[in-house]
Every structure is written in C-alpha cells, then in structure tokens.
Amino acid sequence: MKLGGAGRTIVLAALTLATIAPLVWMVGVSLMPLGSVATFPPPLWPTEPTLANYRELLFYHVGPGGGATSYRIGPAIVNSTLLAMLATALGLTFTLPAGYAFAKLRFVGRARLMQLLLALAVVPAQVAMLPLFLMLKSIGLINTYAGVLLPGLASVYGVLFIRQATLAIPDEMLDAARLDGASEWRILTLIVLPLLRPVVVTLALFTFLASWSDFLWPLIAITDQRLYTLPVALAAISREHGQDVELMMAGAVVTTLPVLLLFAALQRSYFTGVLGGGVKG
Amino acid sequence: MPVDGRMITRRDVFALTGGAVAASCAPHGGDRVTWWALGMTGENAPVLLPPFTAATGIAVDLQAVPWTGAHEKLLTGFAGASLPDVMMINTAWLPELALLGAVAPPPPALLADMLAGARAAVTIGGRALAVPWTANGWVQFYRRDLIAEVGYAAPPLDWTAWTRMAQAIVRRHPDRFATLHLLDWPEPLFAFASQTGEPLLRDNLTRGNFRTAGFRAALAFYKQIFDLRLSPMVTGAEAGDTYIGLRRGWFAILPSDSVFLGDVRRPEHAITAGSWSAAATPGPFGAGPQMARGACLVVNRAARDPAAAWRLVAYLAGADLQRRMYGITADLPTRSRAWALLPADPVTALFAGQIAASVAPPAVPEWERIMGEVQIVAEQLVRGTFTVDAAAAEMDTRVDRILAKRRSLLDRGHRL
Amino acid sequence: MSRSSEARAGLAFTLPVLVATIVFLVVPTVAGLLLSLTDFDIYALADPANLRFVGGRNYTALVANPLFWHAVRNTLVLAGLGVPMAIATSLAVALLLDSATVRWKPVWRLLLFAPYVTTVVATALVWRYVLDTRTGLLNALLAVFGIAPVDWLGDPRTSIPATLIFIVWKAFGYNMLVFVAALSTVSTELREAARLDGAGAVARFRHVTLPAIGPALVLAAVLSVANFLQIFAEPYVMTHGGPAQSTITILYFMFDEGFTWWNLGTASAVAVVLFVAILCLTAAQARLARRQEWL
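Heads up: the protein sequence lines correspond to chains A, B and C, in order. Take the first sequence: its letter number 114 is residue 114 in our numbering, and every next letter is one higher. Take the second sequence: its letter number 40 is residue 1040 in our numbering, and every next letter is one higher. Take the third sequence: its letter number 125 is residue 2125 in our numbering, and every next letter is one higher.
The set of hints was computed from the structure by calculation and includes no laboratory data. Accuracy of the hints is not assured; some may be wrong.
Said to hold, decoys possible - Reference listing, derived: stretches of chain C covered by chain A, where coverage requires no fewer than 3 residues with Cβ under 8 Å from a Cβ of chain A: (1) 2058–2065; (2) 2245–2258; (3) 2272–2278.
Claimed, not checked - Some residues of chain B that are not near chain A, with every Cβ distance over 10 Å (derived): (4) R1171; (5) L1205; (6) K1223.
As the list claims (entries may be wrong) - The calculated label-pair distances, taken between Cβ atoms and stated as ranges, are: (7) A2092/C with W45/A: 43 to 51 Å; (8) L2081/C with G7/A: 26 to 34 Å; (9) D1411/B with A146/A: 38 to 46 Å.
Every value quoted in this text rests on a predicted model; they were computed, and no experiment measured them. C-beta: ideal position from N, C-alpha, C; glycine also.
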C-alpha cells in the first residue's frame, strides 16, 4: 500500500493521537470531581474542571473525623527534585572524565579496564540490591539521600556513551592543545565538553529521568515517609486510595509533568544527542 | 465538604494545621516520640495528639501507613533498623515481631481492664508483649431493602438458607450480584473456616490442617458462591469503590469489618442511614466464633526513650481516648470501660458479641504469609484450576513448605 | 613528560567510576552469590546464630518450587510476545516517520516519544484505569465498534496481553528513534535505483532497507529481551502480580521473597539465576555488536 505524504501525515496524526490519549485523559480526569469516572462510558473531559484533587493531594486536608492530615506529596516532590539534581550532577562528574579518558588518554591498563567495564555493563542492578541493602544498613545509610544516590554512581552505560561520542573528536585538536601546555583537565573542560554539548545534555536528561523515575531501589532503601520520592509515594497512596481515580490521576500528573516539560524544553539537544552522536544501539 | 451538617471552613483547616504543626514541632530540649499508625486511624490520629503534647511536653512524630504494604514496611523497617518508637500493628503480626525481638513488654498497669480475648491475643509465651488498642470482627453489611425485596428481614446465619436467599436476590436482578467476595481478601474464607471448629494448623503448629472435613466444607461453600454467580470474580483492584457499589445495589451484601463504619462517614461513600445493617457471618449450622482481629500498640525494644514511648501508649490506650477514637474512625475499643461509654446500637452490639466469643489465630510468625497463600489457592479453586479436595491438598503442601524452617528449628530443639 | 601527565590524568579520571563500580556493583554481586548459599530468612534476621550455610539447597528448592517456574513462564511469555510487538511497533512508526514528504515531523516525533519519558509508576496507574473493565477508556473505545467489554486486568488469560499493551506503549519511542537514525543511513541512491527498476514498496523494504538496518534491529531485539526479563514495576503497580498470579515475573518473585518475606537466601538465588540469563544474552549482544564495529 503506497502512501503519499499527506496519507502518511494523517496516519501519523492518528497514531500520535492514540499514543497521547492516555496522557491527555490523565490530565482531564485529574480535574474532575471525585466519583466522576465511576460511570460507563467514562467521561473524556471535565464538564466542570476543579482543582480540588490537587488541593487535597498537595495540602493538608481534613479527614471525616476532623483530623488534619497530608499525603506528603509536597515533600516527595522536593525529595525527587533534589535527588534527581544530585544524581545528575554526581553522575556527570563521574562519567564525563572517565568517558574522555577511555577515549583519548593513553594510560597503562586502559584496554584491560575497558574490558572490565564492558563485562560489568552486563550485571543487572537487582542482583546487587539485596546485599547492597544489608551493606548500607550496616553503615547506617538506609533511609538517607546518600543511600539512594550511591548505587546509581556505578553507571557504566554513561561512560560508554561519552566515550563513543568523544572518539569522534579529532586527535590533532587535542594534541595541539597539549603542545600549548594545557593540562588534561583544561582540555576536557574547555575543548571537549563544549564540542559534546548535545551529548552531555542527553546524558544529563537521561540521568535526571532515570533518577526521577527510579522505583525499586528507593522503595527498598527508604522507609521514612518524609523521604519518599514521588513514585514511591504515589505507589503507597495508590494501594490505599486506589478507588479515588481522580486523586490518583492528579498524583500521576504531578509525577510525570515536570520531566515531560523538561524534555520538551531541551528536545533539540536531546534528539541531536540520541540521533546524531553516539547512538547506544 | 460538610461533616456533621457543617461546612469545614478555612479557619478550621488553619486551626487544625496549626495544631498539627505545633504538635510536630519539638519543644525546646523536649522529647520526641515517633509513631506509625495504620490506615484511616493513622490519617485521623493527628487530632488526638495536641492534648498529649500540651500535657507532657513530648512531641509526637506521626506517620500514617496504609494497611496494604504495612507488614512489609514493618519488616523492612526492622531489617533497616529504622523502626519508630511506637507502632500500631495488626495483632496477628505480634508473634513475628516477638520472634524478631523487636518489641518490649508493657508495664502491667497498662493492661488493666482489657477485654479477655484482646489480652489473650497479645500474650505470647506467657508474657504480654503489646497493649491491645482496637478490637474488630468480621460481619456482613447488607442493604435492608434489597434483602426485604426477596422476603428476608436479615440474612440467614446458616449456609443452606443463606444460599437460598442469595439465589433469590440474583434471580430477581440477573444483572447484579448478591454479595462481593474479593478474590484477594483471605478474610471471607477464613471467616467461614473458623466456624467449623477445626484447628487450621496441626502438629504443634508446624503443618497445615486444611484437609479436614470441616475446612473442605468451608471451601466448598466458598466455591459455590462463585459457581452460582452470587459474587463477581474480582480482586480489590478491579472492584473499584465498594461503597459506591453497595449504594448502587450492584451487590446486596458486603462482608467487612469495623473499617466500614468509619468509611461510610465519608461523604463520597455515604449510604442512606437506615438502609443498611449488619449481621454475623453465616456458619455451617448457624453463626459460630470468629478469629480474633484487632490492632495493638507496641513499643520498639530499641526505642531511644522508652519512658516517653510508654507514656504515649498509656495516653492512647486510655478508655476515654478509645471512646474518642470510636467517634472519629469507628474503631472499637479494647477496654471494658470504653465499651460502656459507646452508644448502644445493634451493629455495635453485634461486634461486641463477636469480640467476646472470638478465638485467637495460630501464633506463628508465618501466619500472614499462610493466610495469603491459602487465599491464592482458593482463588485458583474458584477459577476452576483445582477441585475442592485438590485445593485442600495443595494448601497443605504450600503451608508445609512455608513452615519448613519452623519445623526444622523445633526439631533441632530451639524453643520458639 | 606529556605522556606521564596523560597517564596520571587517565587514572585520576577513571578512578571514581571504577571505585564506585567495584564498591556498589562488584562487591554486592559477589555477596549476593554467597548469600544465595545460605538459608537467610526471618529467623536469621531475628538471631544471626540461626544462619546456616546450605550450599546449593536454595537452588534445588527453587527448581522444586512451582511458583518459580510459573514466574519464569510468565516472564518468557511476556518477552516472547512483547519483544516482537515492541520492535515491530518501533519499526513501523520509524518507517512512517522516515519520509521526506511527511509534514510536521518534529511534532509527531516529540509526541510519540513522550510516553518513554514518563514515570512508570504514574503511567501504570493511568493505564490501570484505562484498562478498567467497567469504566475504562479502552473498553469504551471497543464499545464504539460494538465489541463487548474485555476483562483486561481481571482475567488471567488477558492480563499479560493487557500489561504488554502498556509496556509497548511506554517503551516503543526509544527504539523508534534508534530506527529513524538507522533508516537515515540507508542510501537514497540505492532506494531510488530500486524504485526506478520497478521494485514495489515491499520489495524495496526487503532488499534495500532491511539488510541496511538489520544489525540495528537485531541489536535492539537482544537489548529488549534483557529489559523484558527485568519487568517489575508494571505488575507491581498495575496488577500486584495477579489475577491468580498470572503476572508474577521473575523479578517480582525475587522482590516478594526478598523484601516481603525476607527469605534473602532464596531471593539471592533467583537474582543469580537472572544474572546468568542476562549474562548469556549480553554476551550474544556483544558478539553481534563487535561484528558491527560498534565497539
């Protein structure tokens, strides 16, 4: 079946509509009053939009007996944001120099270490989680930011990604800088990083997204409700208030919207980074 | 939203917020006690705390933990050494926490005037290890009009007559159901089984005892409910809002516990007063005893300030506070004096009778897991994977596997 | 002189990652292996003196545990159905996007990629309601076409396909981009020449496009399998492993044994088994990748 440009556009439009329909519905339902969705067919868009669900989610609300309580989504937002920013900063600090070094610096054992890292890229994180929990417990890092962040620092894919992109930089450029007496650190920060900007943005976005959406490890490593990240808090609320659909959708919006907006804002760099240099495959 | 016919004004919210914030701010050099409370009780408990803090200067850090996942959270907290000072737990979990050595025995004064069954439920190896806080039962809540439609004033209490009534309801409204038995809740099946008089574990609580005639009869009755389409085959996640379901008449009977009484006070869940009531769970020959259910307060053996923790427990478990709790969340008290203060109504009286006649569940740490595993097999029985006899045998096999460690430790001479 | 400063910098730059990897990946993995040889459970948590070294007993117990095989079966079904679905979807959409005559390409690309960027827990919740039997969006859509409502998440037979619809929806965007990049490398001269020779669209796809992107396809497939073997959050949030344990995956089983019941010995054994499976897969991937000079 041969489709002309207009035909393809229509099919793509339909596909796109179907793809984002759940997300649009999510936003719509979050603006409906409680109990609206429990009908067939379900409403598609609120007739009387209300922010009540967001208010109940984010601020203190009053229970039937007069007790004021809170779902603690506010602290969860703060935790998720701080942790994601720290994870990105730390992640970049660890992987950028290493990626550059593996690509462009000659040092003893480089090939051997490269092979070791490649071998380790294989290990799925879950194998390490149980003993990691016991290890961190013994030094008192369970239920702390550090406990959540530290295991994520061993990101082999980040190193490989940066290395892949750095290989494309011509050696002559770097040798010229070395002849001028520049230290490796200056070369990295003043020459290599600016050239790698889309790749760095991509890696930063990826790291931020991975940390923001991380579920299994924070679920295990945090027991104090005040330190919950958004996914863990949302999962906890959903187990108890699962029938309050509208409330859950508001929670889902709060959890997905920030990263979606971030991604939309940085999309040009991001797409260049993924499509242009260093596609992981 | 209106409560007691009066709008909650912004001023109320600020006042309560301010109170809650004040309650959670540590006074200068004062003590802090951390407390985990479960479910609706936890969500509503903040209003109970300001008088305590004002009187003693001890600030309380309350965390409301949802019931689902609470057991995991407790164990993870123990493993990660991050348990709070005071915990509200399901009394059935006490043997497990006792085995872990996580709880400290209460001062005997706190156990005075407790209902006999409640006190027995927290006594392990001859020692009381918790203070009973709320008592519970398992009953059928029903829509009086839907039952009356088929000629009954109340649901019958023996299985045969009950089935006849349920079939009449379904015949009258073929697109609806008579009851809602959720496939991932063990309580309904165990409510039937506990009335048969047979113990659920044998050999010093190291093996399953599910192949007895009594339990198999309970299994057959449970299966029949689904075979005759008296209940939909759904889990909690799919059932949606059960209160809306009861209000709309999708089913006439909702088996539940005292949580129901608290939940129907929420405006979204309100069912017209007088249109519903409660009856005991039917048994093979009339209603029989139920397994004791309830929650208790425990103090962490590793609490930083045990004295402060016990003061909080003493405050919470007082008769007046238990009476106040009933007013807020409909949690039933464990102190006899508090019961005397409750308003008299038939539903409360029904619970009182059940609590008085209840029997303690087997005191093994694996009990939570055993109940879950038995229900998983029961779900497969309902879906046709097993026959009744095969299901009973499968339950024994799985429970024996769960209890294997306990068996081997006992065989080696450990005292458990 | 510059050689030694280069060498020093090289070691200094790589040291943090190496240390982190050894401390937070290698050491725990080895510890996990050791843990799988003990009978660590709630009794050991209570009193470390209860801990015993039991050798391979956890593994034999796993082999004899029907629930473990059930989890393996569920995971393999998920991967077996899901990987073709995911790859085919990504490829189909990439082919649609790969055309000079399509308008507003960046818009479609951005929106089609959006699900990939969302948080699993949140969107799993959303889809739980989309798939709701009585009041869900999907059944409402089917009703428009006269199809009776399907009990997506309540029937053990449809729970895996339902979960897959969500998983593919969420994940297809990434490979879509990968394939768009791969398709852009297919020489236009070759395609033009084939078209002038009278080859139809299908023939062109088979003989020009497919050989060019074949390696990328296979690579993506192998990576996908590894991802599908590690599915956890979706059953945890959408179905709690049900109905009738039909959506329990290997990782879900491991989490349950380890963090719900604290049978760390059994859970570690499951983790090791999973590790070996993924090790084999990624070794295959490495061999394929080497052929592509990706390394």
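Now the hints, each set against the structure:
1. Counting residues of the segment 2058–2065 of chain C whose C-beta lies closer than 8 Å to any C-beta of chain A gives 0; at least three are required, and the coverage claim is violated.
2. As drawn, the segment 2245–2258 of chain C meets chain A at 4 residues by the rule of a beta-carbon pair under 8 Å; at three or more, the given contact holds.
3. Chain A is given as covering the segment 2272–2278 of chain C, and this holds because 4 residues of the stretch bring a CB closer than 8 Å to a CB of that chain, at least three being needed.
4. Listed as outside the interface, R1171/B is consistent with that label: its C-beta sits roughly 24 Å from the nearest C-beta of chain A, beyond the 10 Å cut-off.
5. L1205/B, annotated as away from the interface, keeps every beta carbon of chain A farther than 10 Å; the closest lies near 29 Å.
6. For K1223/B, the condition that its CB be more than 10 Å from all CB atoms of chain A holds, with the nearest at approximately 27 Å.
7. Taking the beta carbon of each, A2092/C and W45/A are about 30 Å apart, not inside 43 to 51 Å as hinted.
8. For the pair L2081/C and G7/A, the supplied restraint of 26 to 34 Å holds, since their beta-carbon distance comes to about 30 Å.
9. For the pair D1411/B and A146/A, the supplied restraint of 38 to 46 Å holds, since their beta-carbon distance comes to about 44 Å.
Violated hints, listed in ascending order, are 1, 7; each of the other numbered hints is respected by the structure.
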